[in-house]
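J.: Spelled out from the first residue to the last, the chains are:
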Amino acid sequence: MATTLERTTALRGFRCRACQLLQPADERYVCSDCYGPIEPEYDLAALDPDLLREEITRGPRSLWRYAPLLPVAEPASHYTVGWTPLHLAPRLGAAIGVERLYLKDDSRNPSLSFKDRPVALALARALAVGLDTLACASTGNLAGAVAAAAARNGLRAFVFVPEATDESKVAGAAAYGATVVRVRGTYDQVNRLCARLADEEHWGFVNFTLRPYYAEGSKTLLFETAEQLDWTLPDHVVVPVGSGALLTRTATAVTQLRSARLVDDTPCRIHAAQPVGCAPVSDAVLEGFREVRPVRAPTTVARSLAIGTPADGDGSVAAIRASGGSAAAVTDEDVLDSCALLARTEGVLAEPAGGVVVAAARALAKRNAFQGGESVVLYITGNAYKGQPVSGPLGPVIGADADEFRGAYVDELR
Amino acid sequence: MSITVRLATPLRAAAGGSATLSFDAPDVSALVRQIADRYPELATRVLRDGEFGRFVNVFVDGEDVRFLEGDGDLRGKRVVEILPAMSGG
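The listed protein sequences derive, respectively, from chains A and B. Taking the working numbering, the leading residue of the first sequence gets 34, the next gets one more, and so forth. Taking the working numbering, the leading residue of the second sequence gets 114, the next gets one more, and so forth.
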């Protein structure tokens, strides 16, 4: 029987990706049975596709237009996130050999990166359960998104980043009033510290304790892309890969749009874009879809993608394979050239991750991954300007050690 | 050759509520065998096919176990942390 929608979620519960157990959607963030990763699942087959499409079209010009396909309701206090433009990009297309090229320009979000999307979902959950502090482990963009969302909603924020994070991103997060903690070592060291803190502090750690909500925000890029293509799936999507969450949720979004019968069941090939200095997923895809091998010391100008041990790495490889997609790993020189090319040809000034995507699309085109006339969408996930001119106070750099953190940040923790 | 294993909260119930466990294991494979023998419920959560599973990250004195030199040698090491595999960006 068709259900009438009133912007309520069709959430059924959390499903474990490892053991498949369906469990209640509550404060849990790993499977209660096997400790595997859990993801929201929805009753989509019961929805009337015409009513759903109509409701989405009538909805707000933000990611909350997809409320029935999201696990939590929009908070009244937050600002608009999402519904970013999809540009046809003929000049860039001609330069890199792609006939029908689009840019999903997600640098146009409140903190200038796509991370505002997952944070909007995590924030909504944090507010719903009355948490007063947001926190994250970040390569830079997520730090800005968390700091901005906390500022907007009057919450406290702790953001943890590798010491070598782009100064402009650190400065931006500090300007929003977050406590920015720079940690010696790679992102993986930051992540280890945060996994421990998430366990011990009663905070809304967006990429740990709020993970099942957080990750759902990344689906909305593909939802919007399909709607902007008049409810058709793009033939190809090229996705920058750091943790792999955006890529795996792009695949989830495709599956959900098909299950809800909002789009026809046409192929949508998902391709990974990574820099050669940190390409665990692309390498695994290009070497016969093997298991992901972690990279101990990532070195790349695209620091936002420098995650050597991507939690959704194997999931990304599987999603790419199932979609019929591929991958590319591109040099730093190529990345910077491609950023300049993107700016010159289309007027879009992206951070290096955008250059990774453009360079990867060019490499894929050279390998004839795209056929004439097929639509190719590039995710541009971050802006080149990240709050350069203003800053706030910064605390000391610490080792990835919970006791050292608590010792060095006594006042902030009070 | 005593080594302490520190467990994240969601895993403690599977180990009788303990936050830390003590093992006498010279290397990672011995540790894995002892976890399987002494804490079968914990083993079903963190082990797959006789190794640590892909859904957990295991750190030995702060170093990812996959980057450990000397074939998982635990001699002279003190703390093993078992954490859920998650990351942000």
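Think of the hints as simulated: they come from the structure by calculation, not from any bench. Where hints are given, some of them may not hold.
To be verified - Stretch-level coverage of chain B by chain A, calculated; a stretch enters the list once three of its residues show a Cβ under 8 angstroms from a Cβ in chain A: (1) 117-130; (2) 140-152; (3) 176-189.
Claimed, not checked - Some residues of chain A that are not near chain B, with every Cβ distance over 10 angstroms (derived): (4) Ala51; (5) Pro70; (6) Ala433.
Note that CB positions come from ideal geometry on N, CA and C, so glycine has one too.
J.: Now tell me if each hint is right for this structure.
T.: Now the hints, each set against the structure:
Chain A is given as covering the segment 117-130 of chain B, and this holds because 4 residues of the stretch bring a CB closer than 8 angstroms to a CB of that chain, at least three being needed. Against chain A, the segment 140-152 of chain B contributes 0 residues with a C-beta closer than 8 angstroms to a partner C-beta. That does not satisfy the three-residue criterion, and the hint is violated. Proximity of the segment 176-189 of chain B to chain A, defined as three or more residues with a beta carbon under 8 angstroms from a beta carbon of that chain, is established by the 3 residues found. Residue placement check: A:Ala51 does not keep its beta carbon more than 10 angstroms from all beta carbons of chain B (closest about 6 angstroms).
In this structure A:Pro70 is not separated from chain B by more than 10 angstroms, as the shortest Cβ-Cβ distance comes to only about 6 angstroms. In this structure A:Ala433 is not separated from chain B by more than 10 angstroms, as the shortest Cβ-Cβ distance comes to only about 6 angstroms.
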